[in-house]
Amino acid sequence: MSLVLSLSILGACVLLSWPLGRYLTAVMEPPKEAPGIQRLFETTIVRVTGSAAAAQQNWKSYAVSMLTFNGVMFGVSWLILTVQTWLPLNPDQMAALEPSLVFNTVASFTSNTNLQHYSGEASLSYFSQLFALMWLQFVSAATGLAALTALARGLSGRTMLGNFYRDVLRATFGILLPLCLVVATLLLIGGIPMTFKGAAVAHTLEGLEQTIARGPVAAFVAIKQLGTNGGGFFGPNSTHPMENPGFFTNVIECASILLIPMACVWMFGFMTRRVRHAAVVFAVMALMLAVNVGAALYLESAPTAALEGLPVAQQRGNLEGKELRFGTGAGPLWAALTTATSNGSVNSMHDSLNPLTGLVPMIGMWLNVIFGGVGVGMINMFLYIIAGVFICGMMVGRTPEYLTRKVETREMKLALLAILVHPLFILGGAAIFAATPWGAGTVNNPGPHGFSEILYEFSSASADNGSGFEGLGDNTVPWNTATGLVMLLSRFIPIILPLAIAGSLAAKKAAPENTGTLRTDTPLFGFVILGSVVFVGALLFLPVAVLGPIAEHLARGIR
Amino acid sequence: MFRTLMIWTTAELFPSMRAALSTILVCCIAYPAVIWALGQGLTPHTADGSLIYDKDGRTIGGERIAQAFTRPEYFWPRPSAADYNAAGAAGSNLSPANLRLRELAEQRIAAYTPASEETIPADLVTASGSGLDPHITREAALYQVPRVAKARGLDESELRAAVQQHANKTTGLLINVLLLNLELDAAVPE
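Those protein sequences? They're chains A and B, same order as listed. So the first sequence is residues 19 to 577, counted in the working numbering. So the second sequence is residues 13 to 202, counted in the working numbering.
Be aware that a few hints might be false.
Unchecked claim - Quick list of the computed label-pair ranges, beta carbon to beta carbon:
#: 1; chain 1: B; residue 1: D68; chain 2: A; residue 2: R57; range: 40 to 48 angstroms
#: 2; chain 1: B; residue 1: S169; chain 2: A; residue 2: E227; range: 50 to 58 angstroms
#: 3; chain 1: B; residue 1: Q177; chain 2: A; residue 2: G54; range: 57 to 65 angstroms
#: 4; chain 1: A; residue 1: G93; chain 2: B; residue 2: T16; range: 17 to 25 angstroms
#: 5; chain 1: B; residue 1: M13; chain 2: A; residue 2: P541; range: 39 to 47 angstroms
#: 6; chain 1: A; residue 1: E227; chain 2: B; residue 2: R112; range: 54 to 62 angstroms
#: 7; chain 1: A; residue 1: E227; chain 2: B; residue 2: Q176; range: 30 to 38 angstroms
Derived from the structure by calculation, the hints contain no laboratory data. Beta carbons are placed, not taken as given, at the ideal position from N, Cα and C, and that holds for glycine.
Whenever a hint applies, use it, and build me the whole structure from the sequences.
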């Protein structure tokens, strides 16, 4: 039952991603004979940002514009969160946040991560939720789309990568906003609240008082899911009955995780005019996704190990940390999707997944290329493609090429640097925090699972994912500072370096393709990139996988 | 240096601020306003949080939010790691292999005082992800029927039929605990 449902959601997303990819391409790279409404849209955008939006930019000035705009995003949201007490739309009188928590939260939403060391309904005003966080959810996702667009332009041989301001506004208004209007309306119909009234106080049947938090949730959840953001309105994210009230909303939210990341691969293909190449990349990603989903579904059907031998009927699998209304398989399916795509929302508590199921989301974040974040997932895959092309070139003794341009030392250096940032932060960070009270004193579970909590937190920060093993007591100054820095660096380094590679490739003369060229649109090439991703990932992360989830799984029967 | 800064300010910082302002106006004001208006027009009840009121207009709970029940005459919801705090929802975040979970389960089973040989449905001993799961499984409700029937002086088979009828309103598998308890109270006025 849950397998059939999972397959139908995945299948629907694959089918929808193709037309959506066409739409993305048409918005980001308007055709010569654009319809009137799009021409009006383009002139409006240029008018909004002034003459800066008219100029063509090389990779350096594109990167400068991106960093400036992201700096403004950071600054504005910092200000809002710091002074939220004095701002409007604060019916529940939320107080000011502690400075390191503000830094972490702003870094988290600017970098499209949405790691949350606060709990929305307990700490943030509606103004902060909408004007700081939801705004960042829009523009950070748009930044990712702009970056991928620029990369694709560079790889199709243009040294001028377009204009960042235009691209980011095209993505925000032309892609994210219309999709959000549709999804938010569906979520309203599914029963998600959208109100500016403060928390309600109920007098329960047994005479207790219960304060029920609510808010403008529907608008927030739409962009949270579509923009691979993942930051929930409420603390427990989409497990919360107001954020995900039923089966219907669960399906909509689940599909929204995948749509744009999948469409991004097609957009890359259309823009570089290499659709068959994009299809190979898409197939590799889809294969890895299917493996992760299958593994998670299978592993999570095992009962809760700690309850073995008690008189408990466990035929529904492990129910700790899960909501009944979604059905049994919904938790592991979502866990696999949300970490493959760097979304990071959850509809079950990942900390309470069976030990080996918990490894699946970690694998998604370690590889970080299974469709990945909006725009940036395909950029990450580009790095592995460069590595794969290079290895193949070396094996046959030819200068490697990618899309007719020669890949040489400079490009390889940049690509490897960008790939290695990720394991450095995860392994280095986890090592430091596991060895010191900074991390060891904050875990919620003993033994290997405690190590998994630390490892997961750094994996999530470095993959700009945002989910967590939430038992971790992570609202401390060391955690806030360390993960905040990791999120920012692991966001911008793997965007800027690929742009540099694209700039450098575009400046080279195109080499005509001949029979000796490694073709990038064949199944063989699919195996090459699959191999690069899997082998590099396994070499880097198998040891910590054994220390955390695998050790816990093997020891689970020992009392 | 100063000159570069000036150029950056006019060429990058000002356009960035203009882009920021325009996206804030559209994404943070216009977009939520449209969705809010749609919600108030299409689905006013759920848009305000699906609250339930008594006949005097007093709020007695949320349709989608579990509330605490400990008296024998009510059906009990799933355990909550957040103690049913609907303004600070949370799961237990305990590993399924953590023995603390076993201790908690033993306490929870003891509260139900099961007859020997009887197994208790797992949803009654495991905490949900939000701590606010409004549902229990049909089996979990049927499991509680003897206690509730005894406390209310009802016939067990009648109560069992009422539970089944309640389940049939949706998928047949789940019971909304608060709504079922409200139905029971309405059927037998104190």
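Structure-based check of all given hints:
1. B:D68 with A:R57: 40 to 48 angstroms: violated (59 angstroms)
2. B:S169 with A:E227: 50 to 58 angstroms: violated (36 angstroms)
3. B:Q177 with A:G54: 57 to 65 angstroms: holds (58 angstroms)
4. A:G93 with B:T16: 17 to 25 angstroms: holds (20 angstroms)
5. B:M13 with A:P541: 39 to 47 angstroms: 55 angstroms Cβ-Cβ, so the 39 to 47 angstroms window is violated.
6. A:E227 with B:R112: 54 to 62 angstroms: Distance hint for E227 of chain A, R112 of chain B is violated at roughly 29 angstroms.
7. A:E227 with B:Q176: 30 to 38 angstroms: holds (33 angstroms)
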